[in-house]
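Required output: the full structure, derived from the provided sequences and hints.
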Amino acid sequence: MTRRMVIAATLALSVGALPLLAQGPGQRPGGPGRGPGGPMGPGGPPGILAMVHQLDLSDAQKDQLKALADEGRQSGDPGAGVQAAEQKLHAAILADVPDLHAIESLKAALNAAHAAELEQRVGMMQKVAQILTPAQRQQLLALQAQGPRGRGRG
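Whatever position you read off the sequence shown (first residue = 1), add 348 for the numbering used here.
Simulated from the structure, these hints should not be mistaken for laboratory data.
One or more hints might be untrue.
[Unchecked claim] Estimated spans, in silico, between C-beta atoms of each pair:
1) Gln486 x Leu442: 46 to 52 Å
2) Asp404 x Lys436: 41 to 47 Å
3) Pro482 x Ala456: 38 to 44 Å
4) Val445 x Ala493: 47 to 53 Å
5) Gln402 x His449: 46 to 52 Å
6) Gln494 x Asp444: 47 to 53 Å
7) Glu467 x Asp407: 27 to 33 Å
[To be verified] In silico EDC-like links for lysine to aspartate or glutamate, alpha-carbon gap of 20 Å or less:
8) Lys455 x Glu467
9) Lys414 x Asp425
10) Lys475 x Asp418
11) Lys414 x Asp404
Note that this is a predicted model, so its numbers are computed, not measured.
Here a beta-carbon is modelled for each residue, glycine too, at the ideal position from N, C-alpha and C.
Here's what the structure looks like:
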């Protein structure tokens, strides 16, 4: 009975992991362009730095944001840790003989990687908020509320 439950759980997890595996290596759920060097900016939610550039920024603000983006690129992609943890978890789930204790441990590692990525993203957003005026922050909130339509296409 226990073996059947383990097999059923493994199959259920495998089916749930298929969309993530289908993305292929190097691709993240946020899509291309996230992280260092991408148009979305490092460490920020999709489009935060791109949306900021839709605001009426002073030259000093543009310089500060450029320095912030450069700093984010140098600190590395926080999503790389998430991707590595996901790959290890998928490998453990799809192993010939899944080790449930290893899977639990890898789930905890994945949660920690997500937390680290979130921490870096929030830090980036706080730094951006300090650069903007109160009116610009409100304008940015409005752009974010619009979703993809407010981010432009191209």
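We went through each hint and held it up to the structure:
Checking the proposed 46 to 52 Å range against glutamine 486 and leucine 442 shows it holds: the Cβ atoms sit about 47 Å from each other. Under the hint 41 to 47 Å, the C-beta atoms of aspartate 404 and lysine 436, about 45 Å apart, fit the expected range. Our hint of 38 to 44 Å for proline 482 and alanine 456 holds, since their Cβ atoms are close to 40 Å apart. Checked against the hint of 47 to 53 Å, the C-beta distance between valine 445 and alanine 493 comes to roughly 49 Å, which is consistent with it.
One distance hint, 46 to 52 Å for the beta-carbon pair glutamine 402 and histidine 449, holds here, with the actual separation near 49 Å. At roughly 48 Å, the beta carbons of glutamine 494 and aspartate 444 sit within the given window of 47 to 53 Å. For the hinted restraint 27 to 33 Å between glutamate 467 and aspartate 407, the CB-CB distance of approximately 31 Å keeps it satisfied. At roughly 18 Å between alpha-carbon atoms, lysine 455 and glutamate 467 fall within 20 Å of each other, so this suggested pair holds.
Distance check on the hinted pair: lysine 414 and aspartate 425 sit about 17 Å apart at the alpha-carbon level, within 20 Å; holds. Restraint check for lysine 475 and aspartate 418: the C-alpha separation of about 13 Å stays at or below 20 Å, so the hint holds. Distance restraint check for lysine 414 and aspartate 404: the Cα-Cα separation of roughly 15 Å lies within the 20 Å cut-off, and the hinted pair is therefore satisfied.
Checked against the numbered hints given earlier, this structure breaks none of them.
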